[in-house]
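Engineer: Following the hints, complete the assembly by docking chain B onto the known chain A.
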Amino acid sequence: MKIFRFVFFSALAASAFASERSVVIGSKKFTESYVLGEIAKRQLIEAGLPAEHRQGMGGTIILWQALRGGQIDVYPEYTGTIVQEILKRSGPMHVDFVVDELRKAGIGMTKPLGFNNTYALVMRRDRASALGIRRISDLQKHPEVKFGLTHEFLDRQDGWQPLSVAYRLSPGNVIGIDHALGYDALRSKQIDVKDAYSTDAKIADYDLVVLEDDQKFFPPYDAVFLYRLSLDEKIISVLRALESKIDEPKMTRLNGEAERTKDYAQAASLFFDSSAGSTSGFGETFPHKLTRWTARHLELAGFSLLLSVIIGIPLGIWASRGGAVGQVILGFASVVQTIPSLALLALLVPLPFFGISARTAIAALFLYGLLPIVRNTATGLQDIPRALRESAIALGLSPRARLWKIYLPMASRSILGGIKTSAVINVGTATLAALIGAGGLGEPILSGLNLNDHATILQGAIPAAILALVVQWLFDLLDRVLIPKGLRL
Amino acid sequence: MSALVQLVGVSKTFGDAAAVHEIDLAVERGKTTVLIGPSGCGKSTLLRLIIGLIEPDRGEINFDGTELRTDKIDIVRRRIGYVIQEGGLFPHLTARENILLMARYLGRGGNEIRARLGELRGLTRFPENLLDRYPLELSGGQRQRVSLMRALMLSPQLLLLDEPLGALDPLVRAALQKDLKEIFARLEQTALLVTHDLAEAAFLGDEIVLMNEGRLVQQGSLSELREKPASEFVTEFINAQRVLMLT
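Note that the protein sequences, when read in sequence, are chains A and B. Heads up, the first sequence is in this note's numbering, so the first residue is 6 and it goes up one at a time. Heads up, the second sequence is in this note's numbering, so the first residue is 889 and it goes up one at a time.
Worth flagging that the hints you see were computed from the coordinates, not collected in a lab. One thing to keep in mind: the hints can contain errors.
Stated by the list, open to error - Incomplete in silico selection of chain A near chain B, CB under 8 angstroms:
#1 393
#2 411
#3 492
#4 494
The beta-carbon is built from N, C-alpha and C at its ideal position, and this holds for glycine as well.
One chain only, chain B, in its complex shape:
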């Protein structure tokens, strides 16, 4: 079976996003692929290209075997879940309204919606009594759980996560990492996650993709990266994170 997302020679050098050059990348079905690298290396740009927030200057992006086209982009977007650092919840809607926004917009049936919401609440361990709170009445961790439920509501083929745990304090972060891993496994979810934290990448990722200055440096498991570094930068990046972890 082919990869769910395939980027071929994708470049984005203009506009306000960090540039990426000649990217070839495959996101395999059922696996968690982690994009890692120093800030400004273009890892978030790749997610934004896939969800169609920006368009590539050159190259081709294929989703589930067909090329991404601007006129059909909304259809593709509904098959992708997108979670960002601050959650991206709409402040004028309750947690429930945020989660159900698209399902209601697409006219899904009440029973189907209720069943899916119950399932997601179980998966994300989100208390029912908080569903009718507004985002401003929730903690950072609770907001990310709501954001995750919103992203998963339509059972997307792909889940994009852009530093989803970046703004959380360490304990909440650790708990969510554990839950995320469990959810991905339970749903056999294809996910592409961006982080700058090597430990998080190692914990969650089946595949790690290291990026630097807009280019892919190396792809593989953490041990592959450690044992057969493709360049000096790979070793430097891994060692730098190790030192950080020790101090």
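So here's chain A without its partners, still in its complex pose:
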């Protein structure tokens, strides 16, 4: 009962919070974007404007679409990316022209924030000096070097394709790899060259050299904020107050701080003059975060399990009667189970009612939890010996009384077994909900993966595993209460 009350009130609180209409800031899936997002959020909140930050939503296209579609109001972007990827132009463009073009889409752009985070190719210092490579054009003479490039860089208009043409580089040794993981691959000598952002803290941390762009291939990537022109004047002016406030060394330092502390809000607070006020309220303590993740996790898994039970048991009863309907029900539940959980989430996201929300996660988990309950209910009922079924009928019990007094109690062990399986699966699978921004213990796992930081991953993974064990244990207790004693002999 307590859990339901808790779930109910937290859902209520969440909806109340959303109705305040705070400014929604988006960010891309890499450290600097997270930090800039946090800076914008803090800047707005300090000005008394409610703001929330949706961290790491994806790549350029997703963020741009979300901004145009109004799901987010602001996100950090780079001028080079705006020209190449959003406006699809090549070559330099005057800033006034860019502003005009964006205005047609209802989007505004701040002036540069003060640093240029251009793309760069980086190598280990020892490897570069051994091969005598200083400039990108030096790579022509070394077809044996192995490139590990991010998927975005491989696909970009200003990425690998035109770069390899411009520098006449052989396309042989190229693999696609995640940005954070690429640094590890570089350090462990699995690759020699990777693409980087020039303000990446890892460049200094790992003692990497930035290869000189001797043909001036990469356009400038000045960081700016893009925002919806429909935003309130006040909000825009607060954002614009950040213009020219962050130089390259500062940004590199903030990125380093974020990767060291694994706390973007903490890194962002470093930007604000720490003497001007305490940072309390921004850096959330670990127990507090853990409580928030766990509560959310239980909410997702609990709601979905409740739905699975409410829908699954009647479906199982229906399926136990056999025939075509039974086949269809069991078949449907089995097919749902074979869809990879990630794919199921991805399939639900584009549907009108769902989208990026907890609703989608609950729906996916509900569908997942259905099969064990339906199947166990059906088999539990079908396994009742014919002689006992007939005895119940011969006594003259009504069909309803037979179901409630005889069949369901006799199948209770099997049904509870199904519910237990669903519960454990749901607690595990709910970690994926973080992928669509529904929160839970998947949140630290996801950002840990993003930062390639095992400690952060474990902050989510260990509680999730413990939770699954606790759920299992609770259900074992429940067995003793709910399964009639005569069946446990």
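Structural biologist: Below, chain B without anything else, positioned relative to chain A:
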């Protein structure tokens, strides 16, 4: 007074039950009628037809003067007790809960229930301290006694017993046979019992009905069957059982 159960031209040839053909049978009030025959001859099918677990393809079954109808079947079932070989006790209910299941379901009064239970316990010689055990905690013979009490709880007009002693070892079986005979006599119970054991049929039955391959072969007392066999099969069946009894 007419027979309690009257089967007229009843046939059941489809489905998973052993087939029966053109059965005419009367179960007389206050008597024990025994259906006997080799396995698969359709004797259990007749019980299942009477209690409405299956429906006849053709023919008519009358119970206490009215035809058996599907829509009223539950009312009729409550006037019939049904005991099967393994007892058919529900494992999640104690012996007491099994016995009282229907009386409680029908909202019978506590005093009435208690009195009837005490009476039945005396009849079946069932120890009170075992009443709160679950079926799995009882022996085969004890389970059959519980099953009998459950069948008799609502004072049924008819008791159907389908090989009730079939799964018991000989000593327990003999004791229960004796008790059954006494109970039937004491209650003047109309009973229809299925067995494949001629000695049991002779001991318990007022009327013996011999069946073979879904048809009634002969009806009467054991001596009638022995002395005026209706066919070669009757003599064969009786002799076969006699040989078995001697060895």
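Engineer: Next, verify each hint and record whether it holds.
Structural biologist: Taking the hints in turn, this is what the structure says about them:
| no. | hint | in the structure |
| --- | --- | --- |
| 1 | 393 | holds, 6 angstroms |
| 2 | 411 | holds, 6 angstroms |
| 3 | 492 | holds, 5 angstroms |
| 4 | 494 | holds, 4 angstroms |
The structure shown violates none of the earlier numbered hints.
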